[in-house]
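Novice: The lines below spell out each chain.
Number of protein chains: 2
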Amino acid sequence: MCDDDAFQIRPGEMAITLPEACDAGLYFIGRISTPWKERTACPKNPAEARDPCQITLAPAYVPGLRDLETCSHVIVLYFMDRAPRNIVVQKPRHYGEARGVFALRSPARPNPIAMSVAELVSIEGGTLTVRGLDCLDGTPLLDLKPYFPSIDAHPEAVVGWRDKENS
Amino acid sequence: MCDDDAFQIRPGEMAITLPEACDAGLYFIGRISTPWKERTACPKNPAEARDPCQITLAPAYVPGLRDLETCSHVIVLYFMDRAPRNIVVQKPRHYGEARGVFALRSPARPNPIAMSVAELVSIEGGTLTVRGLDCLDGTPLLDLKPYFPSIDAHPEAVVGWRDKENS
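One line per chain: the protein sequences are A and B, in this order. Residue 156 in numbering that gives the first Met the number 0 is what sits at position 157 of the first sequence, and the numbering runs on without skipping anything. Residue 159 in numbering that gives the first Met the number 0 is what sits at position 160 of the second sequence, and the numbering runs on without skipping anything.
Derived from the structure by calculation, the hints contain no laboratory data. For each residue, glycine too, the CB sits at the ideal point set by N, CA and C. Hints should not be assumed to be uniformly reliable.
[What the hints assert, rightly or not] Cut-off 20 Å, straight-line C-alpha distance, at most; resulting in silico cross-link-like pairs (SDA-like, lysine to any residue):
| no. | chain 1 | residue 1 | chain 2 | residue 2 |
| --- | --- | --- | --- | --- |
| 1 | B | Lys163 | A | Ser71 |
| 2 | B | Lys163 | A | Lys43 |
| 3 | A | Lys43 | A | Asn165 |
| 4 | B | Lys90 | B | Glu12 |
| 5 | B | Lys90 | A | Gly95 |
| 6 | B | Lys43 | B | Arg161 |
| 7 | A | Lys43 | B | Ser149 |
| 8 | B | Lys90 | B | Glu164 |
| 9 | A | Lys90 | A | Gly11 |
| 10 | A | Lys163 | B | Ser71 |
| 11 | A | Lys163 | B | Ile150 |
| 12 | A | Lys163 | B | Phe147 |
| 13 | B | Lys90 | A | Glu68 |
| 14 | B | Lys90 | B | Phe147 |
| 15 | A | Lys90 | B | Val61 |
| 16 | B | Lys163 | A | Ser149 |
| 17 | A | Lys163 | B | Ser149 |
| 18 | A | Lys163 | B | Lys163 |
| 19 | A | Lys43 | B | Gln53 |
| 20 | B | Lys43 | A | Pro51 |
| 21 | A | Lys43 | B | Ile150 |
| 22 | B | Lys36 | B | Pro111 |
| 23 | B | Lys43 | A | Ser149 |
| 24 | A | Lys90 | B | Lys90 |
| 25 | B | Lys163 | A | Glu68 |
| 26 | B | Lys43 | A | Ile150 |
| 27 | B | Lys90 | A | Pro62 |
| 28 | B | Lys90 | A | Ala59 |
| 29 | A | Lys90 | A | Ile150 |
| 30 | A | Lys163 | B | Thr69 |
| 31 | B | Lys36 | B | Gln53 |
| 32 | A | Lys43 | B | Ala152 |
| 33 | A | Lys163 | B | Gln53 |
| 34 | A | Lys43 | B | Phe147 |
| 35 | B | Lys163 | A | Ile150 |
[Said to hold, decoys possible] Footprint (simulated), chain A over chain B, 3 or more residues, beta carbon under 8 Å:
| no. | stretch |
| --- | --- |
| 36 | 23-29 |
| 37 | 33-43 |
| 38 | 102-113 |
| 39 | 119-126 |
| 40 | 134-146 |
Take the sequences, apply the hints, and build the full model.
Specialist: Here it is, written out as structure tokens:
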């Protein structure tokens, strides 16, 4: 399950050989339904993703939702399993500089776990309606967590390379 | 590796039977060094965790750090492998109400992936010094990402059950 698919790297990119075996395992605990069936149709980032999406938990996990309805925002961890895991330096196809994967939010990463903060609209049974996700329809869910502004909100944070690109 | 260890659940808690097989695999890409060798010694939450910690990547992944030094805050995903994964309704030992695991930041969860936002102090080679982590010494690292305030900072977020508890 940790196979490293064949792929072409672009000039300036760097690929590594991943370990032969994985170190731990994940359960897919549900699925995310979105309007986007192909990667090219997805919003560019969660700030542009205003369409409501549904997150449906497998039945066994539904009791774990108790009290989540009192939260306005939910941290959603999901698995992006359609990208290579071995490109540690990456370059967008048509522009930009090569950057380290850990300075990017690219889906292509050694452990393709996405973290998005979504607004919780409602919970009905095992299905949440949220706003702010930008992933493909059918994406596997890994975890939900309450968003605590006291530890998770850092409005003063700076991403230097992005600011330089935009200036 | 997805074995469900035997454990005692407390009154009001609910355990489930986890699937026999995992759906995807993780690589441990580094380790986090902290001052805390036992769970009872860890800070209660990241807001109280001001001691600097070191994150050291395995050598193959170090090129992936390029440009991360321009970021003030880093999203750190790590694996909390010392807690049961099958308790979907949880109750603290000495107080509190039973709540769903997805309304809590407890390390005991189906996929024990923690998300913490850390201040980046410095990067030297493959080692980052950060502030704001509260995990055990030796915790396996899964991912690092840049923190974008435009999508990750939601100071207005509410955790209703917590506000009620504190009022």
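Novice: For every hint, state whether the structure bears it out.
Specialist: Each hint tested on the structure:
1. B:Lys163 <-> A:Ser71: holds (14 Å)
2. B:Lys163 <-> A:Lys43: Violated, at about 37 Å.
3. A:Lys43 <-> A:Asn165: Holds, because 16 Å separates the two Cα atoms, which is no more than 20 Å.
4. B:Lys90 <-> B:Glu12: Status holds; Cα separation ~6 Å.
5. B:Lys90 <-> A:Gly95: violated (49 Å)
6. B:Lys43 <-> B:Arg161: The given pair, whose Cα atoms are some 15 Å apart, holds under the 20 Å limit.
7. A:Lys43 <-> B:Ser149: With a Cα-Cα distance of about 13 Å, the restraint between Lys43 (chain A) and Ser149 (chain B) holds, given a limit of 20 Å.
8. B:Lys90 <-> B:Glu164: Answer holds: Lys90 (chain B) to Glu164 (chain B) is near 14 Å, not above 20 Å.
9. A:Lys90 <-> A:Gly11: Satisfied, since the Cα-Cα distance of roughly 7 Å is no more than 20 Å.
10. A:Lys163 <-> B:Ser71: holds (14 Å)
11. A:Lys163 <-> B:Ile150: With a Cα-Cα distance of about 18 Å, the restraint between Lys163 (chain A) and Ile150 (chain B) holds, given a limit of 20 Å.
12. A:Lys163 <-> B:Phe147: holds (14 Å)
13. B:Lys90 <-> A:Glu68: holds (18 Å)
14. B:Lys90 <-> B:Phe147: Since the Cα atoms of Lys90 (chain B) and Phe147 (chain B) sit roughly 34 Å apart, the hinted pair is violated (cutoff 20 Å).
15. A:Lys90 <-> B:Val61: Distance ~17 Å between Lys90 (chain A) and Val61 (chain B) Cα, so the pair holds.
16. B:Lys163 <-> A:Ser149: Given that 20 Å is the threshold and the Cα spacing comes to 16 Å, the pair holds.
17. A:Lys163 <-> B:Ser149: Satisfied, since the Cα-Cα distance of roughly 16 Å is no more than 20 Å.
18. A:Lys163 <-> B:Lys163: The hint is violated at about 43 Å.
19. A:Lys43 <-> B:Gln53: violated (33 Å)
20. B:Lys43 <-> A:Pro51: violated (35 Å)
21. A:Lys43 <-> B:Ile150: Holds, because 12 Å separates the two Cα atoms, which is no more than 20 Å.
22. B:Lys36 <-> B:Pro111: Given pair Lys36 (chain B), Pro111 (chain B) holds - Cα atoms ~19 Å apart, limit 20 Å.
23. B:Lys43 <-> A:Ser149: Holds - the C-alpha atoms of Ser149 (chain A) and Lys43 (chain B) are around 13 Å apart, at most 20 Å.
24. A:Lys90 <-> B:Lys90: Not OK: Lys90 (chain A) and Lys90 (chain B) at ~46 Å, beyond 20 Å, violated.
25. B:Lys163 <-> A:Glu68: The given pair, whose Cα atoms are some 13 Å apart, holds under the 20 Å limit.
26. B:Lys43 <-> A:Ile150: holds (12 Å)
27. B:Lys90 <-> A:Pro62: Holds, at roughly 13 Å.
28. B:Lys90 <-> A:Ala59: Roughly 18 Å between the alpha carbons, so the hint for Lys90 (chain B) and Ala59 (chain A) holds.
29. A:Lys90 <-> A:Ile150: Given pair Lys90 (chain A), Ile150 (chain A) is violated - Cα atoms ~32 Å apart, limit 20 Å.
30. A:Lys163 <-> B:Thr69: holds (10 Å)
31. B:Lys36 <-> B:Gln53: holds (14 Å)
32. A:Lys43 <-> B:Ala152: Holds - the C-alpha atoms of Ala152 (chain B) and Lys43 (chain A) are around 18 Å apart, at most 20 Å.
33. A:Lys163 <-> B:Gln53: With Cα atoms ~27 Å apart, Lys163 (chain A) and Gln53 (chain B) exceed 20 Å; violated.
34. A:Lys43 <-> B:Phe147: holds (14 Å)
35. B:Lys163 <-> A:Ile150: Since the Cα atoms of Lys163 (chain B) and Ile150 (chain A) sit roughly 18 Å apart, the hinted pair holds (cutoff 20 Å).
36. 23-29: Satisfied; 6 residues make the cut.
37. 33-43: violated (count 0)
38. 102-113: As far as the stretch 102-113 of chain B goes, the hint holds, because 7 residues have Cβ atoms under 8 Å from chain A.
39. 119-126: Violated: only 0 residues of the stretch 119-126 of chain B have a Cβ under 8 Å from chain A.
40. 134-146: Since 7 is at least three, the answer is holds.
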